[in-house]
Amino acid sequence: MTTLIDFLVKPLSYPFMQRGLIAAVLVGVVCAVVGTYVVLRGMAFFGDALAHTILPGVAVGYLISGGAREPLFWWALGTAVLASLGIGAITKNARIKEDTAIGVIFAGMFALGIAIISTVRSYAVDLSHFLFGDVLGVTTQSLVWMGIFGALVLLLIAAFYKEFLTISFDPVLATTLRLPVGVLNNLLLVLIAVTVAVAMQTVGVALMVAMLVTPAATAYLLTKRLPSMMLISAVIAALSGVVGLYVSYYAGITSGSAIVLTATLVFAVVFVARQGRGRRKKI
Amino acid sequence: MYPHIPHQPGQPILDLRRVSVRYDGRAALEEVTFHLHGGERVAVVGPNGAGKSTLLKVVAGVLRPTSGEVTVYGSGPSGHVCIGYVPQRSQVDWRFPVSVADVVMMGRIAKLGLLGWPKKRDWEFVHAALATVGISDLSARQIGELSGGQQQRMFIARALAQEAELMLMDEPLTGLDAPAQEGLLALIGELQERGVTIMVATHDLEQAARYFDRILLLNHKMIAFGPAADVLQPEKLLEAYGGRLRVADGKLNLAALDEPCCPEEEPHDHAH
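So the sequences go chain by chain: B and Z.
Be aware that the first sequence starts at 569, since it is given in the numbering used here, and climbs by one per residue.
Be aware that the second sequence starts at 386, since it is given in the numbering used here, and climbs by one per residue.
In short, the hints are calculated from the structure, not lab data.
Yeah, the Cβ is synthetic: ideal placement off N, Cα and C, and Gly gets one too.
Some clues are possibly wrong.
[As the list claims (entries may be wrong)] Far from chain B by the CB rule (all over 10 angstroms, computed), these chain Z residues:
no.: 1; residue: THR418
no.: 2; residue: PHE419
no.: 3; residue: GLY423
no.: 4; residue: GLY446
no.: 5; residue: GLY453
no.: 6; residue: GLY464
no.: 7; residue: GLY469
no.: 8; residue: ASP478
no.: 9; residue: ASP487
no.: 10; residue: LEU561
no.: 11; residue: PRO564
no.: 12; residue: LEU570
no.: 13; residue: ASP598
no.: 14; residue: GLY611
no.: 15; residue: PRO619
[As the list claims (entries may be wrong)] Examples of chain Z residues toward chain B, derived with CB under 10 angstroms:
no.: 16; residue: PRO472
no.: 17; residue: LEU499
no.: 18; residue: GLY501
no.: 19; residue: ARG543
no.: 20; residue: LEU572
[To be verified] Dumping the calculated BS3-like pairs for lysine-lysine here, alpha-carbon to alpha-carbon at most 25 angstroms:
no.: 21; chain 1: Z; residue 1: LYS621; chain 2: Z; residue 2: LYS606
no.: 22; chain 1: Z; residue 1: LYS504; chain 2: B; residue 2: LYS792
no.: 23; chain 1: B; residue 1: LYS730; chain 2: Z; residue 2: LYS505
no.: 24; chain 1: B; residue 1: LYS792; chain 2: B; residue 2: LYS730
no.: 25; chain 1: B; residue 1: LYS660; chain 2: B; residue 2: LYS730
no.: 26; chain 1: B; residue 1: LYS730; chain 2: Z; residue 2: LYS621
no.: 27; chain 1: Z; residue 1: LYS496; chain 2: B; residue 2: LYS730
no.: 28; chain 1: B; residue 1: LYS792; chain 2: Z; residue 2: LYS621
Generate coordinates for the entire structure from the input sequences, incorporating the hints supplied.
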């Protein structure tokens, strides 16, 4: 028993682990709740692209601030909001298919980000932090802003619950009810963007889509109502954050990948368990 | 509260004047002109791709006409929340995690206003609507667990919860078995008795003739609009359906027109 407690408590004696745990849970919950809409609306590719698209913004911020971490949140936030609205506008008006347009923009922006970062001498280490996250490097100041913006996202998701539900399930109904569908769609894109900025330091841009999609997809398999899907998704994400961080600590794996792997494992277990049940029920 | 323009008395519930819709230069609707008075039951018939769905969407204010004018009670449809739109079942994500009651409650949200939450009165509306369409016992079910007929009833209940005065239904009978079709047609009759004006897109001319007050025959242009006896004339049907029409023994073979437009409905649990 004492060894188990030791096992759980010892990492917490490090302040960076405490901050890391708070960050992992916070990011997990916000991503998971927003992620339910990403999953239900089939926006996984958009989420992945958006995360990658912020890299040049983060890179510029990194150059200007001379390597300091705190300003990067604001650079990520600004770039993500601009990119989300930009991608939204282009996919609405472009003469090419939506996923093609997103693909072109996201790869181009991502390349630009890498190019900018590669001009710096120590770029390999910093680039890997941007790509895969560095939850243990989160400062208290960053954590406060992540908390404020994460709470804001959750508040707006709750406040516009019935509107987001309706535009996602039946946009035609939303139009006949004369909801401001365009504004609400853009608001949802901005909320996904803010979420991406909040999560950037924890999981990095390359693994972001897993935080948005995996816990929500797991919850989707387990429930038939949206509120419970959000709740289950949040719980799975928070647990994956905690478990992943401990795994990272003891196994010496990068934190972002450990968190994502934990969430993926949960998904795999649920998927296999459901598969058997679903087949029996279907026939 | 979302904008809702007061109805002007004496105005037709729906009035279309030379309404055209073009996609990339191709006409989906051409110069369609007609009007409806309250409480009518109208079937919109025509071949696949004739513009039936486009017409309903223009009337709902979901699509803007390229030219021409649509008015509902004397003003444009985008100022009205009294138009209920029942989508084609193939257009719906039946695995979406919502219950039947959730979907019907969506009809109330214009009345709730931004940031408003359902009150007791709204739940009463939802339960009354579910009772009217006869699926009260299914209110907690996930929507994919319903049969095709029950799914249509759910959307009609949603339109009732919306307090729709004009109900637009896109191919509601497609893919339903005969008893479900009969039940739905009977329900449409009940709605008419409540004073709801109904436009139904269908490809079944016999049902259109038997159950609807007027038929609107459409093939991009409005070919005819009136009682079945006037509309279902060989020369008009030939104009609408062209070579797809089969004339046997000098009499029209209406059954030949009953072309299924969609693949068989996807499998789901029938919860009867």
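What's the verdict on LYS504 of chain Z and LYS792 of chain B, does the C-alpha distance respect the 25 angstroms limit or exceed it? Judged against 25 angstroms, a Cα distance of about 23 angstroms means the pair holds.
Does the claim that THR418 of chain Z lies outside the interface with chain B hold up, using a Cβ gap greater than 10 angstroms? Given a closest Cβ separation of 23 angstroms, the condition holds.
Is the interface hint satisfied for ARG543 of chain Z? The criterion is a beta-carbon contact with chain B at less than 10 angstroms. holds, 7 angstroms
Outside-interface status for GLY453 of chain Z - nearest CB in chain B farther than 10 angstroms: holds, 19 angstroms
With 10 angstroms as the threshold, tell me whether PRO619 of chain Z passes as away from chain B on beta-carbon distances. holds, 36 angstroms
Reported absence of GLY469 of chain Z from the contact zone with chain B (all CB gaps over 10 angstroms): violated, 7 angstroms
Is GLY464 of chain Z truly not at the interface, in the sense that its beta carbon sits beyond 10 angstroms from all beta carbons of chain B? violated, 8 angstroms
For the pair supplied as a hint, LYS660 of chain B and LYS730 of chain B, confirm whether the alpha-carbon distance does not exceed 25 angstroms. holds, 24 angstroms
Cβ separation check - GLY446 of chain Z to all of chain B, threshold 10 angstroms: Per Cβ check, GLY446 of chain Z is inside 10 angstroms of chain B; nearest 7 angstroms; violated.
Identify whether the interface hint at PRO472 of chain Z stands, where standing means a beta carbon of chain B within less than 10 angstroms of its own. holds, 6 angstroms
Would the hint linking LYS730 of chain B and LYS505 of chain Z be met if the CA-CA limit is 25 angstroms? Status holds; Cα separation ~16 angstroms.
Given as non-interface: GLY423 of chain Z, which should sit over 10 angstroms from chain B by C-beta: holds, 18 angstroms
Consistency note: the structure conflicts with the earlier hints numbered 4, 6, 7, 8, 9, 20, 26, 28.
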